[in-house]
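Enquirer: The whole structure should be built from the sequences, with the hints applied where relevant.
Protein chains in written order, with our numbering: chain B, 55 to 945; chain A, 12 to 164.
Wrong hints could be hidden among the right ones.
[Claimed, not checked] Subject to a maximum C-alpha distance of 25 angstroms in a straight line, what follows is the list of computed SDA-like cross-link-like pairs (lysine to any residue):
| no. | chain 1 | residue 1 | chain 2 | residue 2 |
| --- | --- | --- | --- | --- |
| 1 | B | Lys666 | A | Ile79 |
| 2 | B | Lys423 | A | Gln154 |
| 3 | B | Lys610 | A | Tyr130 |
| 4 | B | Lys754 | A | Tyr130 |
| 5 | B | Lys754 | A | Met73 |
| 6 | B | Lys800 | A | Pro150 |
| 7 | B | Lys292 | B | Thr341 |
| 8 | B | Lys667 | A | Met73 |
| 9 | B | Lys666 | A | Asn72 |
| 10 | B | Lys666 | A | Glu14 |
| 11 | B | Lys747 | A | Tyr130 |
Calculated from the structure, these hints are not laboratory results.
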Amino acid sequence: MLLLIVSVAGIILNNVLALHQQQAGVHDWNIKLFGELKNIQVQDQTIFFQNTNNQNGIIEKSTGQVKQRNTLTLCDSYNYVRYEPNQQIIQLYNEGYSVLAEEEIIGNIDHCLIGLNGEFILIYGQTIFSTFDKKFTEKFDHQIIHAGYIFDVPVVVLQKQTEICIYQIRESIQQNYCVQSLNNGKIYQFGNTLVYQDDQFVYHLKEKSAKSIDKEFIKKVDKFIGLTQTLVISENSKKKIVNLDGQIEYELNQDEYVIQNLETQKYYYNLKQKENELFIVTFDRDTKQIHTDVIEIQTKSLILNAFLIDQNKKQFLIQYQDLQTVLVDNKGIRWTTEQSLISIDAVFYEKYENEEQTHKNSYYESLEKHGTNNPLFLVQNIISRILNEIRDLQEVATHFIDNLGKEKIQTREMEQTYGLKQKVYFLTTYGTLLCYDTQELSLLIKLQINNQDKTFKLVAHHQIDSNLIRHFDNNDAQPTHVLFYYSNEKKRLNTFVLDLQHGMIQQVASQSSNNILWTIPYRVEGGPGQHHNIVILIDEENNIFTYPKHDSLNTKEIILYRNDNGVLRGYKLLNNQLVNIWTINMKDEILIIRSAYHVGEENPRVAIWDDKKVIFKLIDQSNFAVLTSDGDKLKLFIINAKTGKIIYQSVQSEADFNQPINLVFDEHQVFVTYYNKSQMMFEIWTVEIYHAKIEVSFIKMLENYYFTKTPIIINYYKADFEAFFLQQVYGCPLGIKYLGMSRTLKSLTKKNLLIITTSGQLHSLDRNLVSTRRREKADQPILEYSLQSAELPPYQYQLPINFLNMLTYHQTFEIEKFSIESTNLESSALLLVYGSDIFFTRIAPDKTYDMLLDNFNYNALIATTVLIVIATKVLSRLVKSSKQVKQFYLN
Amino acid sequence: MWEIKIKREKSLPDPVGYKKAYDDCQGQELRDDLEKKAMGIAKGGFGNIFMIMFTLYMTGNMMNIFTIVIIGQFLWQAISTIAKMDQAFSALENRGISLFLYKLIYLSAGLLQLGVVLYKLYNIGLLPLNSADWIDLVPLHHQEEIVVPYSYN
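Expert: This is the structure we're talking about:
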């Protein structure tokens with residue numbers, strides 16, 4: 055009895071401790087970004103911002119963290135308006151809390167202004183809507199080129215044929231005046247007035263009249279400063295602060311930055327970054343005195359934007375060209391953040407190197423060589439597994455004893471060993487390379503590719519050593535990261551090499567070239583056991599060159615294809631020349647093209663089993679899928695790139711092309727997502743390709759794949775090639791913004807579909823649920839040679855949504871894409887979702903495959919075991935000494 | 012103290028008045044007895060089959076510790092039955108009757124037992140007799156060519 059009580063107590067203790075130490079989501083992190091700032095307003099501890107992506111939000115002044123961000127149309131810092139395109143209504147919010155009005159409009163809101171009496175004025179297209187007293191709507195025949203304020207009076211500027219007209223909006227809309235103009239003018243805010251500029255005319259627009267300005271003078275303007283009604287002009291490699299009459303007030307250097315939005319007109323603040331030092335120059339306009347403060351800031355970038363936050367504390371928010379943003383004051387740097395992450399070109403990972411390399415595991419090597427479930431090697435594998443487990447246990451025990459009391463070090467080492475903790479590299483459009491630790495979110499490396507050329511864009515990023523084809527023998531080789539940047543302005547291709555070990559980026563080549571169309575990582579065999587990797591680049595004039603330079607490319611067949619303005623063209627690389635092998639004229643507009651070929655992918659399994667039979671996926675990575683639109687029809691084509699043959703085509707009607715559309719081609723499956731107008735729901739359209747043969751006898755299996763090794767190939771040249779195309783459509787209750795596929799080390803565990811929803815969540819959908827092999831009815835008998843599955847649930851149009859599979863839990867993010875990196879554990883992968891927000895998590899659809907759950911409690915397990923052992927010993931002694939037992943033996 | 016020493020010899024002399032000789036009548040009876048006995052041993056295995064079938068049916072097709080123990084026991088029993096065939100008939104060896112037929116019956120009973128156990132193993136998926144069990148023989152997909160769309164990055 056006592057034993058029972060102790061055991062139960064132990065189990066309860068274990069569960070309680072386990073629940074207490076629940077670690078779900080403990081490895082997650084997220085960053086909200088504010089990006090490139092356009093305007094800010096400061097109030098107490100809050101910075102209201104507007105960025106260049108037309109997003110608004112709030113930054114916490116003390117930490118630099120984004121508290122809130124949205125794409126609402128701001129009327130001022132507190133009032134905003136939201137338009138619901140599906141319901142075609144607008145909602146006006148006052149200070150972010152209450153709905154002030156709802157009105158039915160058609161079209162997106164371009165501007166929102168707050169009138170003198172607090173009324174909302176909305177401008178959409180050529181229409182002005184006001185909530186003043188009696189609401190009114192007025193539509194103009196001319197384009198509204200600007201909506202803003204002149205001395206706090208809301209105005210709009212209309213572009214008529216040869217003139218621009220200023221209208222003020224009060225109780226009604228009244229024309230103030232018109233002035234002569236061309237049709238390509240721009241308007242700048244200039245204090246409480248406006249400046250209009252086109253190729254011929256420049257005006258200073260005031261309340262009742264416009265004053266003409268010398269256009270040659272305005273051409274020199276670098277910046278309109280604002281409330282002081284002065285301008286910064288660039289002349290003879292010098293900058294000057296002048297008024298509209300051209301009177302010079304202050305001269306400064308070319309690399310100095312003048313703060314735009316002054317709270318007071320007493321000072322000018324000029325900032326200059328020079329050799330890791332920030333110079334803040336304060337110019338007193340009254341006394342003409344200059345005061346300079348110097349703050350040490352490690353950066354090689356120039357200042358992009360700077361804002362005055364607090365004049366008394368001399369607090370500035372400075373944004374550099376690499377989007378590093380710092381808040382400085384007279385005490386130094388308050389905080390610094392990397393905002394270039396808002397626009398990511400490429401993401402890649404690097405595993406930490408283990409200090410203590412463990413032995414090679416012969417069990418896993420055998421699985422790799424002979425197959426995971428090969429019965430012929432069952433006994434050998436079992437023995438090998440046991441021996442390896444013993445060796446592992448010995449190592450773990452030795453390591454445990456060595457590091458006793460250093461629990462954190464042990465956990466970190468373990469996570470590094472299994473690849474659960476890696477380095478993640480972000481390559482941004484701002485030319486920065488940022489490396490973070492996936493676990494601790496600490497910035498490890500920051501590198502900069504400095505280039506002032508705005509057409510300088512990343513063409514491709516490749517790892518050209520060991521990553522392309524994996525073998526046991528080349529695990530030690532370090533991959534080399536090569537970046538190709540193309541400058542459209544200079545028509546030059548620049549090649550950079552990343553040395554991650556030493557934290558260096560080096561330009562290794564620069565050559566004139568046309569726009570690059572294809573970049574191909576390629577493995578050149580140099581004899582037995584010898585190889586090296588190169589990258590082949592092909593430009594739009596079909597010029598072929600390689601990095602590193604290599605002459606002969608004849609070892610492996612290379613097929614390429616492209617969409618040439620609606621014409622699909624296939625090419626073959628023959629003797630260093632591109633030969634056109636097929637052309638397909640697509641009648642409809644091509645929306646998306648997706649290839650089944652993914653560089654660096656493991657060799658996938660062809661055979662799968664269902665119940666007791668074996669079926670064969672038709673995996674051919676030379677196939678690609680094309681999605682086209684024809685009216686409201688969505689057409690899917692699957693084309694073989696080797697032959698140029700359309701091997702499958704199908705159509706779905708009622709698609710809404712204003713909603714997101716996705717196409718994914720993975721192994722033998724094609725997934726298309728779109729919004730179906732008649733069903734009023736997003737749909738997942740799945741097409742699967744299978745070989746026509748099905749194996750039901752194990753003798754046939756032995757005969758075909760052990761004794762004779764029959765190749766599994768398909769001949770597309772045959773008129774009736776032996777393949778089955780199955781398709782099915784499922785309704786998804788979630789809005790699908792982006793669809794992708796999860797990835798694991800060996801693709802042994804589940805590869806789920808990952809959906810970024812329109813509401814900003816990330817959902818993991820079981821791939822089996824969208825299979826085409828689900829039978830129509832539960833009681834439907836399944837024929838022996840049928841592809842329908844006995845194991846999958848019967849077909850239902852609407853997919854069940856398990857909200858436990860929301861990887862972002864209750865949080866919503868503004869996310870666009872994701873990147874997945876496999877770990878050394880088959881069950882787990884690292885998932886990074888990015889956009890305006892960055893969210894990181896670990897995913898493990900089949901977690902128990904090779905891992906204990908997060909909430910597994912070792913301490914409680916040890917405590918329970920010890921308790922049970924003690925209880926057993928105590929009880930056995932009690933039993934031996936009890937009177938009844940003695941009596942029993944006496945009798 | 013008395014001490015009795017019995018000399019154990021393989022062939023003791025016949026007792027007084029007993030003549031070791033088979034006449035036709037006596038020999039037939041004995042042969043019948045021996046054949047009956049041999050048949051009893053041979054058919055013994057069949058008696059177990061229904062018990063094995065019933066027990067295995069009751070264990071169900073779920074894989075658990077009880078199923079494993081029970082099936083393991085029956086499998087061992089069936090194998091040992093077959094292996095101990097000579098031992099089972101050893102008392103009847105060299106007694107003037109042919110044991111071939113009885114041994115055949117005994118063996119078939121043993122094989123039947125083994126068959127029942129193997130059928131059970133097959134039902135719970137422990138015998139690799141399905142094509143799905145040999146799925147690892149199918150080679151992985153190797154793409155011979157590189158296929159690159161515009162523009163890969």
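Enquirer: For every hint, state whether the structure bears it out.
Expert: Evaluated hints:
1. For the hint pairing B/Lys666 with A/Ile79, the CA-to-CA distance comes to about 22 angstroms; that is within 25 angstroms, so the pair holds.
2. A threshold of 25 angstroms between alpha carbons decides the hint, and for B/Lys423 with A/Gln154 the separation of about 18 angstroms falls inside it, so the pair holds.
3. Of the pairs offered as hints, the one joining B/Lys610 and A/Tyr130 is violated, with about 51 angstroms between alpha carbons and a cut-off of 25 angstroms exceeded.
4. In summary, the hint linking B/Lys754 to A/Tyr130 is supported, as the alpha carbons are separated by about 21 angstroms, within the 25 angstroms threshold.
5. Between B/Lys754 and A/Met73 the alpha-carbon distance is near 29 angstroms, which puts this suggested pair outside the 25 angstroms criterion.
6. The hinted pair formed by B/Lys800 and A/Pro150 meets the criterion: a straight-line CA distance of about 15 angstroms does not exceed 25 angstroms.
7. The hinted pair formed by B/Lys292 and B/Thr341 meets the criterion: a straight-line CA distance of about 23 angstroms does not exceed 25 angstroms.
8. Straight-line distance between C-alpha atoms of B/Lys667 and A/Met73 comes to about 21 angstroms, which keeps the hinted pair within the 25 angstroms bound.
9. Of the supplied pair hints, the one linking B/Lys666 and A/Asn72 holds, its CA atoms being roughly 16 angstroms apart against a limit of 25 angstroms.
10. For a cut-off of 25 angstroms, the pair hint linking B/Lys666 to A/Glu14 is broken: about 75 angstroms separates their Cα positions.
11. For the hint linking B/Lys747 to A/Tyr130, the alpha-carbon distance of about 28 angstroms lies beyond 25 angstroms, and the restraint is violated.
Checked against the numbered hints given earlier, this structure breaks hints 3, 5, 10 and 11; the rest are met.
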